[in-house]
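Chain C: place on chain E using the hints.
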Amino acid sequence: MLVTSDRDTSAGRLDHPPKRAWFFNPYLQIGVSVLLNAAAQIFIKIGTGHTTDQSLFSISSLTSGAMWLGIVAMVVALVSWLYALKSIPLTIAFTLAASTQVIVPLGCWIFLGEQISLLRWGGILLVTLGILLVAQPLAKVEERL
Amino acid sequence: MNPLYFLLLLVSNGSSIAGQVFFKRGMGDTVQMAGWQRASWVGTGIAAKALSFFCWILLLYRFELSYIYPFEALDPIFVALAAALFLREKLNFRLLLGISIICAGIAIVSIT
Numbered sequence: 011m012l013v014t015s016d017r018d019t020s021a022g023r024l025d026h027p028p029k030r031a032w033f034f035n036p037y038l039q040i041g042v043s044v045l046l047n048a049a050a051q052i053f054i055k056i057g058t059g060h061t062t063d064q065s066l067f068s069i070s071s072l073t074s075g076a077m078w079l080g081i082v083a084m085v086v087a088l089v090s091w092l093y094a095l096k097s098i099p100l101t102i103a104f105t106l107a108a109s110t111q112v113i114v115p116l117g118c119w120i121f122l123g124e125q126i127s128l129l130r131w132g133g134i135l136l137v138t139l140g141i142l143l144v145a146q147p148l149a150k151v152e153e154r155l
Numbered sequence: 002m003n004p005l006y007f008l009l010l011l012v013s014n015g016s017s018i019a020g021q022v023f024f025k026r027g028m029g030d031t032v033q034m035a036g037w038q039r040a041s042w043v044g045t046g047i048a049a050k051a052l053s054f055f056c057w058i059l060l061l062y063r064f065e066l067s068y069i070y071p072f073e074a075l076d077p078i079f080v081a082l083a084a085a086l087f088l089r090e091k092l093n094f095r096l097l098l099g100i101s102i103i104c105a106g107i108a109i110v111s112i113t
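Residue numbers (our numbering), protein chains in the order written: chain E, 11 to 155; chain C, 2 to 113.
These are computed hints drawn from the structure, not numbers from a lab. The structure displayed is predicted, hence computed values, not measured ones. Keep in mind that the hints are not guaranteed to be accurate.
[To be verified] Which residues of chain E face chain C? A few of them, derived with a C-beta cut under 7 Å, are:
| id | residue |
| --- | --- |
| 1 | LYS55 |
| 2 | THR58 |
| 3 | SER90 |
| 4 | PRO99 |
| 5 | THR105 |
| 6 | PHE121 |
| 7 | VAL144 |
Beta carbons: idealized from backbone N, C-alpha and C, even for Gly.
Isolated chain E (complex conformation):
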């Protein structure tokens, strides 16, 4: 099961040959998916702010460029996500994707000017710790390759 041949940059896939380009590492693709999803959330929030329309499904927000950017980011994130799911168990993938919960509040703080209280920072820290706990054994597997 463990492939020890070439210690190249791609490392880290148990069930695919290590010759695949590093970009196709499924864990990297989870990262791509997480970043794009976080960006999508922020774009969509900006997009919904561009309209006063409160009707169902908010059609008028589709005139906003930010909304469309958000939708495109979401679609690309989905492709990366589906690719990663080919080889990573859903439980692991989804837990790693919880890093979105850290990135989105940070993004709201930086780009949208929303406030983060001290207690909320504590919660963000806990989420980060939980993710590290799950991710650490995965990193060890990667090192062994």
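Chain C only, in chain E's frame:
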């Protein structure tokens, strides 16, 4: 948060979790199945995700993103249970501990 918005949040999260299970069911490379079968699992997943997305948009009009987003992070525990139940994925202590800490962190973020 009034009951209507809470229901909207439940529908948004529930269909999102179901969507993930459908995605994995269609994409998993350990299961043999025809291309059209994979496509229908993924398609159903996308439909579930679309429902989740529209509910989410409605919620975004009412609340700040950093306030409602954390609710979605309670999902890891439900996804883990759904994956164990429907996809026969194995859970271990470390994984459950990590997920619990994540959910605790989210709970704190949600009430602040």
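What hint numbers does the structure not satisfy?
-> Going through the list in order, the structure violates hints 3 and 6 and respects the others.
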